[in-house]
Amino acid sequence: MLPEGRLFEFLYLIIIGFTMFYYSNQAKKGKVPKIARLPALDAVDEAVGRCAEMGKPLFFTVGSSEITDASTAQTLAGLTLMKYVATLAARYDVPMWVVNRYGATHVVAMDVVKQGYLEAGRPEAFKPEQVLFFSSEQFAYAAGCAGIMHREQVGAAFMVGQFMAEALYLAESAAALDCISIAGTARATQLHFFVAACDYTLIAEEIFVISAYLTQDPAQLGMVRGGDICKVIATILIAVGAISASLGSDIISSIISK
Amino acid sequence: MRTEVPVAIAVISGFIILIAHFFNIAPIQAAATHLQDWGILIAAFAIVVSAANLLMVHIGRLSNQREEAWKKVNSVIVIGLFLATAVTGVISRDHHVFNWLYDRIMLPLGVTFVSMNMFYLVTAAFRAFRAQSLEASLLLGAGIIVLLGNAPVVEAFVPWFSKAATWVMGAPNMAAQRGLMIGAAIGAVQTGLRVICGLDRSYL
Amino acid sequence: MGAAPNDNTGKKGISRQFMYLLTVLAILLPLVFPVGMPVSVTPWVEKGYQHVEKLNPGDKVLISFDYSASGAADIHPAAEAIFKHLMDKDVKVITVAFVAEGNRFPGMLMSAWEEQGKVYGEDFIHLGFLSGHETGLAALFADIPGAAPVDSRGNPVTSYPIMDGVKTVADCKMFIGLSGGNPGPQQYVRQLEPYQGVEIFTACTAAIAPTVEPYLASGQIVGLVGGLKGAAEYETVMGYAGKASANMDAQSFAHLLVIGFIVAGNIIHFTSKKNEGN
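For the record, the sequence lines run as chains A, B and C. When the letters of the first sequence are read in order and numbered with the working numbering, they come out as residues 1 to 258. When the letters of the second sequence are read in order and numbered with the working numbering, they come out as residues 1 to 204. When the letters of the third sequence are read in order and numbered with the working numbering, they come out as residues 1 to 278.
Note that these hints are calculated values from the structure, not bench results. Backbone N, C-alpha and C define an ideal beta-carbon position, used for all residues, glycine too. You may find that some hints are simply not true.
[Stated by the list, open to error] Heads up, incomplete: computed chain C residues facing chain B, CB under 10 angstroms, no partners named: (1) L29; (2) L31; (3) A217.
[Said to hold, decoys possible] EDC-like, lysine to aspartate or glutamate: derived pairs with alpha carbons at most 16 angstroms apart: (4) K127(A) to D178(A); (5) K71(B) to E9(A); (6) K34(A) to D217(A); (7) K258(A) to E9(A); (8) K71(B) to D93(A); (9) K258(A) to E193(C); (10) K173(C) to E80(C); (11) K163(B) to E193(C).
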């Protein structure tokens with residue numbers, strides 16, 4: 001029934017789904033797991049508050065994030081934070097500039113920001129001309145972002161999503177402005193630029209817990225716990241596989257390739 | 001209805017693609033192929049929507065009396081180049097004006113901007129790459145070995161840098177990449193499952 | 001991930017403008033006065049070359065040009081070198097682009113080779129730009145004429161001799177992905193997983209080259225040309241010095257300059273900490 005090589009993949013997917021929903025159910029029943037503090041997310045309220053005090057706008061971008069491929073997960077993570085920040089921005093009357101690289105993401109981001117303003121009870125404050133699309137050309141987009149940051153003298157810059165070579169460009173532009181910069185990406189090749197140049201960075205899978213962390217919803221926290229259990233399972237498989245391969249046995253690789 | 005319909009579409013589409021990936025059921029496979037084709041069409045149309053948004057913002061700027069003059073000049077340039085590229089691109093896939101705009105304006109500008117990364121890298125390297133702890137020092141050492149290993153001028157005098165750089169990329173780097181990849185992949189699968197089950201509605 | 005990093009530029013350290021001036025000189029002077037150091041070839045470039053070398057005249061290869069103007073400096077020299085290798089071996093090349101800005105590059109290469117006697121539609125064909133990134137990849141691999149019914153010149157692809165017998169990517173011996181990031185090697189591996197007989201060879205920017213290592217080690221990707229240095233290595237193994245080789249001196253000195261600044265930054269940081277301590 002299953003094509004060749006898909007059995008382990010299917011079983012692992014079932015395991016991920018099972019652990020997520022099991023721990024989510026456990027959390028709803030009261031066994032709420034604690035997750036480690038994430039200074040980057042703790043700083044979000046402070047960053048928006050700082051913009052309100054200084055009378056400066058804030059800047060948000062989800063980077064080179066599409067919603068039509070595997071970077072969708074990172075895009076959704078960025079959009080989750082975008083809605084939260086939009087709600088805060090609406091509440092504290094902080095202008096919010098959003099720049100998008102791709103058309104599909106732009107359309108969704110427009111709705112997300114509007115929804116954030118709606119949830120804050122200030123739909124009239126939403127200005128569509130502050131959610132911008134410049135170009136899908138990488139550095140035209142990056143130059144546009146840097147231009148907005150410098151011209152508007154933003155007080156905080158949020159860069160959460162999938163980023164490519166423009167990560168350094170954006171991070172250094174924010175650093176030159178002396179604004180609070182909060183970044184996050186699961187893209188390993190750009191993380192170090194954010195860590196080096198930004199004030200706060202969400203590293204790799206930390207961006208996928210944004211929703212759970214900000215809402216502290218027990219069900220979502222339970223799902224995070226489930227995901228961590230799966231990572232432990234993967235680690236055990238890797239360790240056992242490495243040891244068995246070193247001893248001349250390919251049992252783990254033959255199981256995984258089924 | 002405003003949220004239920006999009007969530008239902010996301011849930012049904014997600015399950016169809018997921019089932020088609022694992023099981024060879026002809027109607028599901030056909031439905032998955034159609035969904036992929038529609039995905040391509042939607043992505044193409046989204047480009048049109050965003051281009052329209054771009055035009056609207058810039059045309060709005062031109063008609064705004066209070067807008068600064070230099071912004072209006074920028075908008076005229078953007079609209080002019082946009083129309084020139086769009087019209088010539090539609091007239092012919094190989095129009096000489098379209099090719100000229102790409103080869104003589106877009107390509108040099110794109111390459112120029114990516115080159116600016118070098119300057120930012122230099123200031124970031126000076127400012128932020130500090131050996132403040134054992135881990136940072138190890139990381140710095142590995143970075144220096146890879147940098148030197150990719151410089152033929154250094155290779156000519158110290159050939160083992162290239163081998164050391166290849167080892168750093170092939171051993172510790174690969175181990176770290178695998179760890180990050182697995183963690184990010186599991187996180188992405190969780191997000192996908194949440195979307196498919198209708199629990200994550202951040203796209204609304 | 002806490003307070004802003006220490007910034008010695010312009011305060012107690014070196015001014016930003018001076019650093020930028022040194023950067024310009026480090027890159028410009030070797031271009032004007034080349035040193036001409038030989039480039040050693042790394043194993044993954046060598047393996048990629050050998051896999052292309054094993055192709056026979058008439059074999060079909062699918063190349064995806066997934067880089068834009070900003071990635072062109074890193075990847076286009078590799079594209080030129082690999083394309084030359086394929087043309088020299090009379091391999092039939094089908095090209096496509098999943099990045100809108102990458103759509104021009106196949107045409108540039110093909111025009112140059114048409115002047116040398118190669119024929120569009122027989123030796124190569126460009127299917128044009130397909131939107132959707134990974135979704136587009138999946139659709140193309142499953143049904144090439146279906147996903148791209150007309151080529152970049154507006155003609156039905158089935159009217160060209162090169163497309164005879166080409167239905168899916170499985171009818172090609174190799175897929176070469178020239179990636180600026182998205183779609184990238186991970187996407188190629190994911191979408192080509194059902195087509196086990198098709199080898200994957202990739203050229204990408206130096207920034208994403210480290211992420212390809214796991215796939216090289218597992219054999220899912222047979223070769224990697226990473227950045228401009230990788231392109232210079234490919235030119236070296238092919239036996240000629242092209243644009244990539246010409247830029248290696250500038251790259252070398254730029255790397256040395258970055259290391260110099262890292263060392264200088266650390267020295268200034270630790271001496272000022274020591275002085276403050278005293």
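Margin query: Flag every earlier hint the structure violates by its number, smallest first.
Written below: 1, 2, 4, 5, 8, 10, 11
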